[in-house]
Amino acid sequence: KKFSQMLLLSGANDLGGTMFTDEVTQDAGGNEADYLSPAEMERLTVDIGRKLRQRTTDYRLL
452 KKFSQMLLLS GANDLGGTMF TDEVTQDAGG NEADYLSPAE MERLTVDIGR
502 KLRQRTTDYR LL
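If you're matching positions, the sequence shown starts at 452 in my numbering and goes up one per residue.
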């Protein structure tokens, strides 16, 4: 979680897609991936003075 904040402070502008079910990792034989709830994502961004925004797949803001 701290690494996500460091990336955002270093120029990253996207935390990546949110998957509520992780079939991709399981299908590949891996364990469940880490999951950040929308509330956790918001806390991470607010703590570093950033605003969390939700977008569509073609980057239009919701």
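Simulated from the structure, these hints should not be mistaken for laboratory data. Cβ atoms here follow ideal geometry from the backbone N, Cα and C, with glycine treated the same way. Some hints could be false.
Stated by the list, open to error - The list that follows gives simulated cross-link-like pairs (lysine to any residue, SDA-like), each with its CA atoms no further than 20 angstroms apart:
1) K502 with L459
2) K453 with Y510
3) K453 with D465
4) K453 with G480
5) K452 with A463
6) K452 with D509
7) K452 with T508
8) K453 with T507
9) K453 with R504
10) K452 with D498
11) K452 with L513
12) K453 with A463
13) K453 with L513
As the list claims (entries may be wrong) - Have a look at the derived ranges for each label pair, beta carbon to beta carbon:
14) Y486 with N464: 28 to 34 angstroms
15) P489 with Y510: 17 to 23 angstroms
16) T507 with K453: 25 to 31 angstroms
17) I499 with Q477: 27 to 33 angstroms
18) G500 with G480: 21 to 27 angstroms
19) P489 with M457: 18 to 24 angstroms
20) F454 with K502: 27 to 33 angstroms
21) E491 with L512: 17 to 23 angstroms
22) Q456 with D478: 16 to 22 angstroms
23) A479 with L503: 14 to 20 angstroms
How the hints compare with the structure:
no., hint, result
1, K502 with L459, "11 angstroms, holds"
2, K453 with Y510, "25 angstroms, violated"
3, K453 with D465, "15 angstroms, holds"
4, K453 with G480, "27 angstroms, violated"
5, K452 with A463, "14 angstroms, holds"
6, K452 with D509, "26 angstroms, violated"
7, K452 with T508, "23 angstroms, violated"
8, K453 with T507, "25 angstroms, violated"
9, K453 with R504, "19 angstroms, holds"
10, K452 with D498, "11 angstroms, holds"
11, K452 with L513, "24 angstroms, violated"
12, K453 with A463, "14 angstroms, holds"
13, K453 with L513, "26 angstroms, violated"
14, Y486 with N464: 28 to 34 angstroms, "21 angstroms, violated"
15, P489 with Y510: 17 to 23 angstroms, "18 angstroms, holds"
16, T507 with K453: 25 to 31 angstroms, "29 angstroms, holds"
17, I499 with Q477: 27 to 33 angstroms, "32 angstroms, holds"
18, G500 with G480: 21 to 27 angstroms, "40 angstroms, violated"
19, P489 with M457: 18 to 24 angstroms, "20 angstroms, holds"
20, F454 with K502: 27 to 33 angstroms, "20 angstroms, violated"
21, E491 with L512: 17 to 23 angstroms, "21 angstroms, holds"
22, Q456 with D478: 16 to 22 angstroms, "30 angstroms, violated"
23, A479 with L503: 14 to 20 angstroms, "29 angstroms, violated"
Hint check: violations occur at hints 2, 4, 6, 7, 8, 11, 13, 14, 18, 20, 22 and 23; the rest are consistent with the structure.
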